[in-house]
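Can you build the whole structure from these sequences, using the hints too?
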Amino acid sequence: MKAVKNILVAPQGNYDKPALLAEILAVTRGTGAKVTLLGVLDPPPDDPDTRVALSNLHTWATAAQLREFEEVAAMLAKEGIETTIKQRNGKPDREIIREVTEADCDLVMKPAESEGRKLEFLFGSTDMQLFRMCPVPVWIFKPTHSTKLKRIMVAVDLFPSDAQKTALADTVLQWGKYVAGLTGAELHIVHVWDLQWESMVRGKSVSRQTIDDLVSALEQRHRKWLNEALARNELSADKTRVHFHKGDPKDALPMVASNKKIDLLVMGTVGRTGIPGFFIGNTAESVLRQVNCSVLAIKPD
Numbered sequence: 000m001k002a003v004k005n006i007l008v009a010p011q012g013n014y015d016k017p018a019l020l021a022e023i024l025a026v027t028r029g030t031g032a033k034v035t036l037l038g039v040l041d042p043p044p045d046d047p048d049t050r051v052a053l054s055n056l057h058t059w060a061t062a063a064q065l066r067e068f069e070e071v072a073a074m075l076a077k078e079g080i081e082t083t084i085k086q087r088n089g090k091p092d093r094e095i096i097r098e099v100t101e102a103d104c105d106l107v108m109k110p111a112e113s114e115g116r117k118l119e120f121l122f123g124s125t126d127m128q129l130f131r132m133c134p135v136p137v138w139i140f141k142p143t144h145s146t147k148l149k150r151i152m153v154a155v156d157l158f159p160s161d162a163q164k165t166a167l168a169d170t171v172l173q174w175g176k177y178v179a180g181l182t183g184a185e186l187h188i189v190h191v192w193d194l195q196w197e198s199m200v201r202g203k204s205v206s207r208q209t210i211d212d213l214v215s216a217l218e219q220r221h222r223k224w225l226n227e228a229l230a231r232n233e234l235s236a237d238k239t240r241v242h243f244h245k246g247d248p249k250d251a252l253p254m255v256a257s258n259k260k261i262d263l264l265v266m267g268t269v270g271r272t273g274i275p276g277f278f279i280g281n282t283a284e285s286v287l288r289q290v291n292c293s294v295l296a297i298k299p300d
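Per numbering that gives the first Met the number 0, the sequence shown runs over residues 0 to 300.
There's no promise every hint is true.
In silico DSS-like cross-links for lysine-lysine, where the CA-CA straight-line distance does not exceed 30 Å [said to hold, decoys possible]: (1) K1 / K141; (2) K85 / K141; (3) K4 / K203.
Derived from the structure by calculation, the hints contain no laboratory data. Just so you know, these numbers come straight off a predicted model, no measurement behind them.
Right, here's the structure in full:
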């Protein structure tokens, strides 16, 4: 992975400043990375009856946002982090992506917004749109008063015959290794595999022994692929905790994240099929709607 030098931070709504600072410093302290704080507000509606009042309210909200950002920038300056403040009007996801492309950002960081929904669904509509559409890694972190990442989980999908998927798996592992190295967090690596259509044919048209043999052979291949990926990315067994599961990733990944009290899930978001430019697969979408931890979503190069 390339060095992270230009980070876009986009706080929206209410957020905990110490937690925000901790997340930013986790990937900037000692790296020389620069930070842009981007605030996005919807423009006031063009209603003749309320135009003046809402225009004033928008002006006050913009000024209040600027004051908050100046406080955050001052705190980052004390840590030696160069920070720029920008404000835009428009839809948050569109303006964030516009800034990413115009300023050549390496990473987007943002507090989860949840939009007042049920607590078990952490991410709001802007978060999900960034996961789907933003062309660079997106780190959405949950509201928390904790200022330290303790456990990071990397979900790795392995398809050696697909060069793009292999490259993405390596990038995901490198990001997990990078953040764990900066924060001193415990690094968990999860790989979930399954035999397609097993439940449809087991005990029916195909003998049990035949299916068992196929499962055993596939398990050996996936273990080999995982060991090769770990070796290729210089991740030794004594420095990581490896979880190898048979089943559906949509169920297994949220389960492991919950059971191991994971603070940050690092995962690729591209499925096996999909619309070009729409960077999320069905499995990733399902996992994102179930987990209750921060997520760093990685795209292909």
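Violating hint indices (sorted, rising):
The structure breaks only hint 3.
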